[in-house]
Each structure stands twice: as C-alpha cells, then as structure tokens.
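> Model the placement of chain P on the given structure of chain F, informed by the hints.
Here the protein sequences line up with chains F and P, keeping their order. At position 15 of the first sequence the residue is numbered 15 (the numbering used here), and the sequence of numbers has no breaks. At position 484 of the second sequence the residue is numbered 484 (the numbering used here), and the sequence of numbers has no breaks.
Certain hints may be false.
Identical copies look the same in the list; a pair holds intra-copy or inter-copy alike.
Claimed, not checked - Pairs of lysine to aspartate or glutamate residues, derived as EDC-like cross-links and limited to a Cα-Cα distance of at most 16 Å, are as follows:
no., residue 1, residue 2
1, Lys-422, Glu-329
2, Lys-506, Asp-463
3, Lys-492, Asp-383
4, Lys-492, Glu-384
5, Lys-492, Glu-80
6, Lys-486, Glu-212
7, Lys-270, Asp-229
8, Lys-9, Glu-64
9, Lys-139, Glu-212
10, Lys-438, Asp-127
11, Lys-492, Glu-470
The hints are simulated quantities; they were obtained by calculation from the structure and are not laboratory data. Since the model is a prediction, treat every value here as computed from it, not as a measurement.
Protein chains: 2
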Amino acid sequence: MDYPTQIEKWSVFEFSCGGRTDANPFTDFDITACFESGSEKKTVSGFYDGDGIYKVRFMPSFEEEYAFRVSGSFCDEVFEGRFTVTPPTGGNHGPVRVCNTFYFAYADETPYYPVGTTCYVWNLQNDERIAQTLDSLKKSPFNKIRFCIFPKHYDYNLGEPRSYPYQGTPMDSTVLTKENFWDYGAETPGNNWDFTRFQAEHFRHIEYCIGELLKIGIEADLILFHPYDRWGFSRMTAEENERYLRYVTARFSAYRNVWWALANEYDILKNKSIDDWERYAEIITESDPYGHLRSIHNCIGFYDHTRPWVTHCSIQRQDLYRTAEYTNEWRERFKKPIVLDEIAYEGNIQHAWGNISARELVRRFWEAACRGGYGGHGETYFDENDILWWSHGGVLKGESPQRIAFLRMIMEQTPGNGLRPKAMAWDEVCAVPAEEDKAEQTGYHLFYYSFMCPSFRDYWFDDVNEYSVEVIDTWNMTVENVGTFKGRFRVKLPGREFMAVRVRRKG
Amino acid sequence: MDYPTQIEKWSVFEFSCGGRTDANPFTDFDITACFESGSEKKTVSGFYDGDGIYKVRFMPSFEEEYAFRVSGSFCDEVFEGRFTVTPPTGGNHGPVRVCNTFYFAYADETPYYPVGTTCYVWNLQNDERIAQTLDSLKKSPFNKIRFCIFPKHYDYNLGEPRSYPYQGTPMDSTVLTKENFWDYGAETPGNNWDFTRFQAEHFRHIEYCIGELLKIGIEADLILFHPYDRWGFSRMTAEENERYLRYVTARFSAYRNVWWALANEYDILKNKSIDDWERYAEIITESDPYGHLRSIHNCIGFYDHTRPWVTHCSIQRQDLYRTAEYTNEWRERFKKPIVLDEIAYEGNIQHAWGNISARELVRRFWEAACRGGYGGHGETYFDENDILWWSHGGVLKGESPQRIAFLRMIMEQTPGNGLRPKAMAWDEVCAVPAEEDKAEQTGYHLFYYSFMCPSFRDYWFDDVNEYSVEVIDTWNMTVENVGTFKGRFRVKLPGREFMAVRVRRKG
Numbered sequence: 001m002d003y004p005t006q007i008e009k010w011s012v013f014e015f016s017c018g019g020r021t022d023a024n025p026f027t028d029f030d031i032t033a034c035f036e037s038g039s040e041k042k043t044v045s046g047f048y049d050g051d052g053i054y055k056v057r058f059m060p061s062f063e064e065e066y067a068f069r070v071s072g073s074f075c076d077e078v079f080e081g082r083f084t085v086t087p088p089t090g091g092n093h094g095p096v097r098v099c100n101t102f103y104f105a106y107a108d109e110t111p112y113y114p115v116g117t118t119c120y121v122w123n124l125q126n127d128e129r130i131a132q133t134l135d136s137l138k139k140s141p142f143n144k145i146r147f148c149i150f151p152k153h154y155d156y157n158l159g160e161p162r163s164y165p166y167q168g169t170p171m172d173s174t175v176l177t178k179e180n181f182w183d184y185g186a187e188t189p190g191n192n193w194d195f196t197r198f199q200a201e202h203f204r205h206i207e208y209c210i211g212e213l214l215k216i217g218i219e220a221d222l223i224l225f226h227p228y229d230r231w232g233f234s235r236m237t238a239e240e241n242e243r244y245l246r247y248v249t250a251r252f253s254a255y256r257n258v259w260w261a262l263a264n265e266y267d268i269l270k271n272k273s274i275d276d277w278e279r280y281a282e283i284i285t286e287s288d289p290y291g292h293l294r295s296i297h298n299c300i301g302f303y304d305h306t307r308p309w310v311t312h313c314s315i316q317r318q319d320l321y322r323t324a325e326y327t328n329e330w331r332e333r334f335k336k337p338i339v340l341d342e343i344a345y346e347g348n349i350q351h352a353w354g355n356i357s358a359r360e361l362v363r364r365f366w367e368a369a370c371r372g373g374y375g376g377h378g379e380t381y382f383d384e385n386d387i388l389w390w391s392h393g394g395v396l397k398g399e400s401p402q403r404i405a406f407l408r409m410i411m412e413q414t415p416g417n418g419l420r421p422k423a424m425a426w427d428e429v430c431a432v433p434a435e436e437d438k439a440e441q442t443g444y445h446l447f448y449y450s451f452m453c454p455s456f457r458d459y460w461f462d463d464v465n466e467y468s469v470e471v472i473d474t475w476n477m478t479v480e481n482v483g484t485f486k487g488r489f490r491v492k493l494p495g496r497e498f499m500a501v502r503v504r505r506k507g
Numbered sequence: 001m002d003y004p005t006q007i008e009k010w011s012v013f014e015f016s017c018g019g020r021t022d023a024n025p026f027t028d029f030d031i032t033a034c035f036e037s038g039s040e041k042k043t044v045s046g047f048y049d050g051d052g053i054y055k056v057r058f059m060p061s062f063e064e065e066y067a068f069r070v071s072g073s074f075c076d077e078v079f080e081g082r083f084t085v086t087p088p089t090g091g092n093h094g095p096v097r098v099c100n101t102f103y104f105a106y107a108d109e110t111p112y113y114p115v116g117t118t119c120y121v122w123n124l125q126n127d128e129r130i131a132q133t134l135d136s137l138k139k140s141p142f143n144k145i146r147f148c149i150f151p152k153h154y155d156y157n158l159g160e161p162r163s164y165p166y167q168g169t170p171m172d173s174t175v176l177t178k179e180n181f182w183d184y185g186a187e188t189p190g191n192n193w194d195f196t197r198f199q200a201e202h203f204r205h206i207e208y209c210i211g212e213l214l215k216i217g218i219e220a221d222l223i224l225f226h227p228y229d230r231w232g233f234s235r236m237t238a239e240e241n242e243r244y245l246r247y248v249t250a251r252f253s254a255y256r257n258v259w260w261a262l263a264n265e266y267d268i269l270k271n272k273s274i275d276d277w278e279r280y281a282e283i284i285t286e287s288d289p290y291g292h293l294r295s296i297h298n299c300i301g302f303y304d305h306t307r308p309w310v311t312h313c314s315i316q317r318q319d320l321y322r323t324a325e326y327t328n329e330w331r332e333r334f335k336k337p338i339v340l341d342e343i344a345y346e347g348n349i350q351h352a353w354g355n356i357s358a359r360e361l362v363r364r365f366w367e368a369a370c371r372g373g374y375g376g377h378g379e380t381y382f383d384e385n386d387i388l389w390w391s392h393g394g395v396l397k398g399e400s401p402q403r404i405a406f407l408r409m410i411m412e413q414t415p416g417n418g419l420r421p422k423a424m425a426w427d428e429v430c431a432v433p434a435e436e437d438k439a440e441q442t443g444y445h446l447f448y449y450s451f452m453c454p455s456f457r458d459y460w461f462d463d464v465n466e467y468s469v470e471v472i473d474t475w476n477m478t479v480e481n482v483g484t485f486k487g488r489f490r491v492k493l494p495g496r497e498f499m500a501v502r503v504r505r506k507g
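Chain F with its partners taken away, still in its complex shape:
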C-alpha cells in the first residue's frame, strides 16, 4: 500500500496496493475509492496496473484535508487514509473548462486560449523521438496537442508502434494488399489480441507522456477512437469498447490536462453508429468524475455538436477554400467554443489537407481568432525518413509556429477572456472583447484584413474620445504604434496582405 500524505490541488493523488492475481484481474475484480473533504465527496473507480498492483487515482479540487476509503473485490481488506491538499504552484491553474459559452478558462479563472497542434502518435514513437517532440513543444506556442491512444495505420505511418494496448500479437503487415489496405471497416486477419487483458505498460507510457505535457503547460487532447487501423482496435465490440473506456477514464481522469476526443473522423468509423457514440459519451461522462472537456471530430459531416455531452466543437475543414471564415456562423449554430482542430496543415505532401503554405495557415488562424474561435496547427512537410510532425512529432520545420506564437500573444492581450466577432464594414473582420463590460471600458477593437491589401482604412468610433492605434503585421510579427486619433480618422497601411489594426480607447 502506497500513497502520499500531501499533494498539490489539481494534481494526481495515487493509492496503490497489491491484490488478487488469480482469474483475470482486469475483468474479474474491482477497486473503488471514496474521497471526502469539507467541500467535495467523490467515489472513483480504480484499475489493475499489472504485476499484481491495483491503483486508484484522484484529483482534489480544494485545499483541504481529505479522507479516503478504498474497497473492492480486488482484496479482502478495506483501506482508509488521509492526505492534505496544498495550494497549486507554478503553472498549475487546474483543468480547463468552458466559460462564457464560447471560451475557455482554467479552474482558477485564468483565461485559456487553445493553440493546438496535432501529432497523432508522437507518444508511440521511440524514447529519443518523444524527447525531441517534448523539446520542440516546449519551445512552441502550443498549449494543446491531439494524439491517439491506439496506434495509427496510414500514409507515412506503416510501422509498428512501440507498444499495443492489449496483450497479444499483431498481424503480419506484409500481407496487406492494395485492396484491403485502406478499407477501414474490413477484417484484418492475423491479429491475435486478448481484449480482456490490457497491456498496462502501454497506458503507463501514455501517462508518462500526459505528465510530461502537464509539466510544460500543454493540454492532452486524447483521441479515444480513430479509423486508421490495421490491428482491429477500431472494430472491437460494444462490450470491449466499454471496458476500454472505463479503463482509460479510471487511469487518466485524475490528470488535470486531459481532454476527451471521442474520435478523430468519427464518420469514417464504419461499424459505429450514432447510438454507439452516444453510449460511449455516456460512459465517459459517468466514469470521469471531473467532467473533462469532451468533443468528437468529423471527417466530412459534423457530429451533432448541440448534444449536451459535447463541451466544444472540434472541427475539421469543410471546404478547400473556406473554413475558418465560418467560425462566427458555427458559434451561432452551436453556442459552444469553436476549435478548428484541423484546417489543413502547413506542408507539402500530396494531399490538400497537408499542403497549405504557412501564410495560408496563419491567415486561417487569424480569421478564426477574429471571429471568436481558435485555429489548430499541424505540419506535414515531406520527409525522406517519413518523420512528419503531424503524426510522429520530432522537430518543427515550418514558418507558421512563430507567427502562431505572435497571434497567441495578441490574443492573450485581450481585455478579459476571449474575442467575439463584431459586424463592422463588409470587407473586414473585427473582434472585440467577449465580455460586454470589458469591451465597453476599453473600446478595444482588433481588425483583420486577411489577403486584402488596403493602403489605408477609415475608422469612426465616436466624436469625443481619443483612440490609440497600432498597425500589426501578422506575418512579419510587428506591432507599430501609429498614434492617437479622434472622430473620423484614417490609418495608413502598407498595402500588403495579412495586416491587422488594433484600437484602444485612451484614458
């Protein structure tokens, strides 16, 4: 039996203890714990971690004394104990929540502007690559990363992962033919898994990755199901899926930086119906005691993002040309935060989802931001060793991350939390602070001109106040204070693409 007697608020309390190893410990025994402090009381499920060890985890939300009681069929004993929860330190702001309908904040109310990237299976690469990815992330603007629990089978991703989620052996991938290679619903004979026995090491390793991300302030947007599969993990039965989801939530929920992405491209997973997805959402919602953020990502058509369990819209590009530009319409339609997790990636591979220029990706980020949503990054530069950031992590080669960092800085300078679109002229995008009183107090306006190249623009806010004006070059990452203006005024611009103008009332 092992547990700490003191931990920080919103960190992982873990109780571990030996237990029964006869029969199948993953399915035949249970472990449950009840945690109680002055302000909260929660009952949580634990899990079998292999090697005869059972664990139960908990994330406390109050700086109080907690008592706990662990019981279950895993062991004849009942365990009781106490621990003290201390104030959060460093960058610990708690889990991220939706706030004010369209926005996010950490539990301590610090605004959170998601600036996500995608590296689908960076976590399933070798140690060296993982260390390299973490180093790249540390230097990057990204504060969220989407990645998978199951391995991925796709272009540039034909190798075996470092580990599998189940005990057993994989198919011989050399038997794949052109015909069955991409048929995501098809049988892939030769896999030999025991879906009743998890490979605990696989999940321990993912926890290591989640923990490392947590240290550098990055949210782990965990993709629970995806179609790019040759091992059969996308084709398990409803019962197997439920067991998987309960195991995952028991293991990961106590990490404050976890988000649940039910699926990447749910609509390509041929053998799961909407009823199945609803059932899986129900399992996650009831098994995660902390209500982590939940989403479901599409390939073609959206899932019904109005479903109550969907906390925010995780959106994929809807058109080769126009996607971020729909952000304000989607806000109105779904009344939830709009996170454009995939709007095509900076890169040069053959597919258009992975070959837009840095200029175009950064433009899409700004369009999204000034329309009250959030862009998403990915990078797919062709690599002779098939190491593409989008799937493997590694190093960032592109020109967009530093510009996205610049945008993140601008977003974080918003008075209050969040930008909302404001209808101004037909030929500009304008954002103001989401909170009415903040917008009122500051007169803050952020205008974006996208690929238009105006050599000047005229503005009018009122006849009495003075406004300080900055001209922002979103590509060259400069902010130039061009002076103070009153009444109707004209701002000179360089007649180049990708300019923005920021206005604030003086005094």
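Relative to chain F, chain P alone:
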C-alpha cells in the same frame, strides 16, 4: 447622301443623308432601311446624328451583293442603292456568339476565350488618356472591356466627363453634401437636361472608342445603365429609357464587337424594377438586328440568369473568400457561359473589392478557367492623381496582366474550344476539352493546385497509353516538359503555390 459601294463582311455599312430639322429630329421623325442579299433580309432603324444628318447602319453577314431601301418621315424621298460585301480581312472573325452552351466563338467559328478588364469610363477621359489606354490595351492580354455610356460618379470619379449624353447642363457638384452624395435613388437638383435631345457628339465619340477597340481585337462590353450617378441618368422615366435604348441600339448595333451589359449592379438601381429590366431587355432584343451578347451584372444578388434574353452570366464576387470556386456550380445552375466580370480587382485601395493581390487575382482566374468559366480583370492601385485603371484607364501598374496573358495562351492551346471541369481527386481542380471527342482524342487534362503546395502528385489514366506531362508554374509563367509516363505515375512538383500540370496522350 453618302454610302460605300463595297465593304467587308461584319463591318459597318453606313448610309447618311440630310433630312428635316424642323421640330425635334430626335423624336419627331424616323428613318428605316431594309437590306437584302441572297441569304438575309433585315429591316433596321436609323438615327438622327445632329447637324441635319440622319444615318442608318448595317452589319452584313454574307459575302454577297446587297440592295437597300431607305425611307421614313425624316425626308420626303426614298433612297435605294446596292453594295458589295467582300471577305473579312485581318483579325475580323465576326461578332462573338455563345457556342456549345458554356463557351464563345466568333461568327467564323474561331474560339473566343473572353479575357476581360474593366475601365468604367476610360472613354469619357481626355484624348491623351484615351490614347494611353488604347496603347495599354494593345499590349495587354485583354480581349474584352467593360465600360459605361453614362458618366460615373463615385470614389476617385468626382470630376465631370468630357461630354454628356443629353443636351443641357449638369448640376453644380459643389452643392453635394455627405448626406446625398451616395444616395443613388435621390434627387440631385440642378441638372437641366432635355431628355428628348441627345448630344450626338457624345455618342460619336463612343463610336470612335468602339472602333478603336475593334482595330485591336477587343470586344466592347457596353454598360447601358449604372447607379453611380449625380446627373439623373439613372433616374429617367421608362419612356426616356426606351428612347435612349433605341438610340443606342440604332447607333451601335452594326459594330461587330459590341456586347450589351444592361447594367452594372442592377440591384443598386433603386428605381428600376424587374419588370423594367425585362422591358429594357425586350427593347434591346428587338432593336438589335444581330443578337449581340446580352448580360446583366449584379452587386449582391444575381439577376435571374435563366431568363432567355440573358446570353451569358456576368457575375460579381459573391463572398470575400470564395467566388471563382463556384464556377462549376453556376454552370450547372444556369447552363450558360460564366463570365466573372468582377471578382475583386488587383490593387490597394481601402475597399476589399479593389485591394486583392496579383497572386490572388491570378489564382481566381485559374480557378475560373479550370472550372469552365472566365475570370475578369480590374486594377485599383491608389494614385495621387486619382487615375485608377478600373475607372479611367491609363497605364497598367500591376503584376497580374502578364500572368493573365500566360493563362490566355494556355487556354487557347486547348484542343477544340473551351475547358470543362472534370471531377478527379477531391483536392485538385481538373479541366478537359469541352468537346467530348476532342477530350477523347487527346487525353488532355489540365490540373490546377491553387494555393496548395504539393511536392508531388500521383496520376493514373490507363495502363496502355503514354502521356506527356508538363509542369506549369502559373505565377512564374514557365512550362516544363517533365517527360513521358505510363500507367500509375508520380510527378514531382516544387511544393510551391500556384502550380498546374498539363497532361496529353502521346501518339
């Protein structure tokens, strides 16, 4: 009495003669002529050209002997005569017609790929500017120009025109206030026109311009009405409009390069209803004996382009981001040629309709071309003397015209006449020859990658034939033959924006 006894096919035969000058010769007398050859017989109306002279014009369509008979209340005499029509010479291919539903050809069946520009009132500038514009056009790729018969009142266009269409005097423009400046439906007091008496010199000058365009192979897309007006020409009565249209068609119809654009931005002309437009279309259709091309251009919503009198769709941008990309949908919807006369102009003025980059304008041209339509050019670079190509003509400053010339060359290399879109991969635009047999015979495919940056693409047409492949850089205007391929093959691309690939079957 004066007329030639020999003229070239599709050129202007003009009969002129003195006549009555008592009362109002513009309204009180008529002049009509009947022309007859072995193959055609047409009755056409003439017009009063001032100074006691009446004229009647005719464009013969056959290399035959013609007889004519002129009569009317303009004079007590009846005139008869004959003339010989000789074969066309030089660049005379006859008037442009719609062919094969979506395309254009000259009357002699030479394919015509419209590559238009817009200079709204280049014709109403001083002689020097007009000469400069004609010189610029001569060196340009443009073979169509949109311009107005009435003067224009708008940003950068506040001066008086060189002449007015009616006898009388204009308002004092210094009395305009901010309030009535842009109210296109409003009264503008102070104008004093006799709408029953045309200023013949105004129209003679426009004929000079049409004639100069004809010499350099440019179609004159004449805008008959537009809303940008302070003189009241947009607010005439139905009767006045009918008189105007009959005068214009009597004067201009015999010029083979004339097209009728009923309006620029018809939907902004507040005091004209759909019934009015339909009536005006009817007048033009019945008064123009040659059936010149007819269109009506929108500001916001389209006119009903399915109306039988509309020969082709003259389209304005529908969205800040996406317009040329709708070309194939509009083909399906209207079953007529799609001419994107305004898809935003290359420039740097404050308005987004006039400040896209050359890159973006050229991209829109290619999108339109590879989707079976035609882009339209305009240029609005800010100028301290307010001389903007889009309105005044003058010199071209931009980077798009030479790239549009390059595209025109590529379009004119299409086997047969016209490109039609072919659905291939979701992430490319592909065009093939419009004529099924030409497409079949040549295996010609033109792929366009827009702002995508693929470093290679895979192709497959069949397993037996060889295909020659060219990589086209649409911005740098290069065509590189990269070899001959068979079966499934991969073409290396530079991973830059704006690339195209052209494929032709060998042998």
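> Compare the structure with each hint and give your call.
Each hint, compared with the structure:
no., hint, in the structure
1, Lys-422 with Glu-329, "within (12 Å within a copy, 31 Å between copies)"
2, Lys-506 with Asp-463, "within (13 Å within a copy, 71 Å between copies)"
3, Lys-492 with Asp-383, "between (43 Å within a copy, 14 Å between copies)"
4, Lys-492 with Glu-384, "between (46 Å within a copy, 14 Å between copies)"
5, Lys-492 with Glu-80, "neither (70 Å within a copy, 67 Å between copies)"
6, Lys-486 with Glu-212, "neither (50 Å within a copy, 50 Å between copies)"
7, Lys-270 with Asp-229, "within (12 Å within a copy, 60 Å between copies)"
8, Lys-9 with Glu-64, "within (9 Å within a copy, 99 Å between copies)"
9, Lys-139 with Glu-212, "within (14 Å within a copy, 64 Å between copies)"
10, Lys-438 with Asp-127, "neither (46 Å within a copy, 58 Å between copies)"
11, Lys-492 with Glu-470, "within (11 Å within a copy, 44 Å between copies)"
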